Amino acid sequence: MKILIIDNDESLRYMLSEFCKHADWDSDTAENGREGVSKFLSETYDVILVDYHMPEMDGLQTVREIRKHNTTIPILVLTVDERQEVADRFIEEGATDFALKPVKAPDLISRIRLHVQIANMKHAKEEDEDVFTAKGISKGTLQSVAEFLKEHRDPYPVDAISKEIGLAYPTVYRYLMHLLEEGKVKQVVSHQKIGRPKKLYKWYTH
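Per UniProt numbering, the very first residue in the sequence shown carries number 1; after that it's consecutive.
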């Protein structure tokens, strides 16, 4: 994991770098917002620590600038200012969390871990949603078809499932094909006395 530390106080930059070292993380430092944004754009980081009061470009401007390029990376603001209006302004600009100075190592390390975990979960969820969207599959509809098959253990033809759950035949067929492809549904061929064999579908229990 790699952390970007943006703070104009040299001793604090050193201390935060030591925190990162203690947690087995890599870190880069920048002594003002302008340098921080420049480093952020040229490297890949997992978390950004930003000081509020800095010359040239303060913490608010820095958060705003980073958010123009990346909306998901966790940004933790370090400040001695406890006022609610300061916190509100940072949240509006896109900050993820706050740590009041003086910063304690265990608190900061646990916060960083938590926010990286949340960011990863969000990222995984978005990727998951993208896969569904790309295939034109709605999670709600998929669930309706899956729930019906789970509740009824016998194999059913498409028309019967369609009638029972109130969805159009082509829709049900498409979702069954998706579940079949995923290995969650099994196709059973029923041989009729007259006419062609009928394809039935049932939930696949391993």
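It should be emphasised that the hints constitute simulated quantities derived from the structure, not laboratory data. For clarity, every value in this text was computed on a predicted model and none was experimentally measured. All C-beta atoms in this analysis are idealised placements derived from N, C-alpha and C, irrespective of residue type, glycine included. There's no promise every hint is true.
Stated by the list, open to error - Computed Cβ-Cβ distance ranges for the label pairs, DEER-style:
1) T44 with D9: 50 to 60 Å
2) T44 with D159: 22 to 32 Å
3) D88 with E18: 30 to 40 Å
4) K198 with T44: 22 to 32 Å
5) S42 with K199: 24 to 34 Å
6) D9 with D88: 42 to 52 Å
7) Q117 with I137: 25 to 35 Å
8) P170 with K139: 15 to 25 Å
9) E151 with Q117: 11 to 21 Å
10) Q117 with K139: 19 to 29 Å
11) L100 with Y204: 50 to 60 Å
12) P102 with Q61: 18 to 28 Å
13) D26 with D159: 18 to 28 Å
Each hint tested on the structure:
1. T44 with D9: 50 to 60 Å: Taking Cβ atoms as reference, T44 and D9 lie about 25 Å apart, which means the hint is violated.
2. T44 with D159: 22 to 32 Å: violated, 52 Å
3. D88 with E18: 30 to 40 Å: Distance hint for D88, E18 holds at roughly 31 Å.
4. K198 with T44: 22 to 32 Å: violated, 55 Å
5. S42 with K199: 24 to 34 Å: Violated, since S42 and K199 (Cβ atoms, about 57 Å apart) do not stay within the stated range.
6. D9 with D88: 42 to 52 Å: violated, 24 Å
7. Q117 with I137: 25 to 35 Å: holds, 27 Å
8. P170 with K139: 15 to 25 Å: holds, 19 Å
9. E151 with Q117: 11 to 21 Å: violated, 35 Å
10. Q117 with K139: 19 to 29 Å: holds, 23 Å
11. L100 with Y204: 50 to 60 Å: holds, 54 Å
12. P102 with Q61: 18 to 28 Å: Roughly 24 Å apart at Cβ, these two residues keep to the hinted range, so it holds.
13. D26 with D159: 18 to 28 Å: violated, 59 Å
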